[in-house]
Amino acid sequence: LRRPAAASLALLLLAGITWWAVTDRGYVWHIGAHLPRPEVPDDNPMTEIKVELGRRLFYDRRLSVNDTMSCATCHIQALAFTDGKQHATGATGAPHPRGSMSLVNSAYASRLTWANPLLARLEDQALIPLLGDDPIEMGMAGRERVITDLLRTDPRYAAGLPKAFPRDQDPFSVLNAVRAIAAFVRTIISYDSPYDRYLAGDESALQPAAKRGLELFFSERLECFHCHGGFNFTDSTTHANATVERVGFHNTGLYNIDGNGAYPPGNTGLFDMTGQRRDMGRFKAPTLRNIAVTAPYMHDGSVATLDDVISHYARGGRLIAEGPFAGDGRRNPFKSEFVRGFELTDAERADLIAFLESLTDRKLLTDPRFADPHAGAIISSNK
Amino acid sequence: MLRRLVILCAAGACLASCARPTVPVTIRFEARYDDAVIGCGQGSAGVALSDLRFYVQDLHLLAADGSAADLRLDADGVWQQADLALLDLEDGTGPCLNGTPAMHAAVSARVAPGQYRGLRFSVGVPFASNHADPLQAIPPLGDAAMHWHWRSGYKFLRAGLVADDDGFWIHLGSTGCEGTVRAISGCRAPNRVSVELPGFEPGRDVVIVELAALVSRGELQDQAASDCSSSPAETACVAPFKALGLDLQSGAGAGTQRVFRRGVPR
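Chains as they are written, first to last, in my numbering: chain A, 1 to 383; chain B, 1001 to 1266.
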């Protein structure tokens, strides 16, 4: 339906990687030539001014009930927009049952969050941390007026929103705040890791260990790529030219509390949404881009290191010997057929980790386009 | 043509659909625990509200012959649309931390002239409105506190109780929905509550929301986490769903609800 106004404006050589400037209805994407154009909702087209407003809002702690928390509190650029914690904590101290997901390449995510089959758009997802109360994250439910007052009175928002949403009679709405944040988050795209440079033809971008690890990763022996395949290293991936919707949720045998496949209460994955027994413990495979900087791992942060992650998959499921969650995840009846276990030498394990580390995009972690625009300024006297 | 209309109107069931809703009527709601009136402050029951807000739709008064007359709600731009109202029985004080000072304890509507001896309504939001974009919704559906962003749709009922240092809350809404947000095709468990109160007389009676039916004093003070967000796996949902006349797994009706009943005002 939407006509891609795809015109490559520039083909620049940036230290080995082809930087492809793709335009979409006037907006210039900064993505690698090997990546497709992200899908953008018709009612929220990308513009520079909207993205910049979204960045300010993303880093604005006034969007929380007690001015303590912004989106960036749980999504820290240096950690590939995760927070390094096992569980996130909301503005009022409420613990979140799951860890903060990386926002990197969420523009390409066919479904958002860990296990929600209903959430396909960032505009819808952003309402959950902002307004949700189970658990409370930013705690703004019932305080929409505070948000619209902020949009009206902060000079930058007051000046920017009418330009970003020129057709709106009243551009100072929660809806437009969410649209701007979503537009900003869509720009957080990783395309310049050593692996990307290697794909672009720079043989020296990957060390020999990482190259051997790459072979292991894409082998039928380890099966990693079945769920973590494609340019985005997850099977829940979409883009502007996608013809088939790809959505995957997988039980990886982390738990088996009752011997019948149970996961801990409150963290049952897709089952929590559908109530169907076969959906117990099924979670989305996250992108592996920048995975080396997003520990701890899994939906509940229950695996500390990449080495531990590999041990979990090598065993074909996790054994928890004692405690309330005791059980042998390897025998979880709902486990993915691709989590079968494998043998791995110490050298191979080191190679695999070297490959996973080659997916870290240092540029993304420091790119000023994604950094806090309030840094160094006192927000309340924003002029 | 005229004659056909007259004949239609002469039929018993026609009272509802043909006579114009001209008579003002008010349906009042009152929160009780074990029949004692409760609010956000500590009442005589030793139990206080921490929340009580719910949507009602599809309201009818019932005539003695069993026919039903539509209630046309006064659209006030805040609490009511023509066939939907948000009741708010909390005032944001005390334990009602997520609440608001404004309350709405009575539905104001119009009904066709007649003698009525019964009330029927559903706790819920009509399907189309329930799954539309909440940020573009008109009141009373614009209220983010009532929206369930991760499940899609509204919390039809959010109720909470506290006693001493223990508490309970329930968020009731449709679950097992399919499709994607803004394009939901259906929900496996709609979880709308059907209420019928025979003998209800609008001028005399109130609708009592009996919260002890949702959670007993023993369960309320068991020092265990007992919150229900409508998930079929939540053991804390079993008793309240039964009290609401719902099957926790399917969301279909399962017996008569016991939470809403007819009573005289206090």
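Derived from the structure by calculation, the hints contain no laboratory data. Predicted, not measured: the structure shown is a model, and the values here were computed from it. Careful: at least some of the hints might be erroneous.
[Unchecked claim] Sample of chain B residues facing chain A (criterion: CB under 7 Å; computed from the structure):
no., residue
1, S1044
2, T1093
3, A1137
4, A1144
5, L1197
[As the list claims (entries may be wrong)] Rough simulated footprint, nothing fancy, chain B against chain A, three-plus residues with beta-carbon under 8 Å:
no., stretch
6, 112-119
7, 138-151
Positions of the beta carbon are idealized from the N, C-alpha and C atoms, including for glycine.
*Broken hints, numbered, in rising order?*
1, 2, 3, 5
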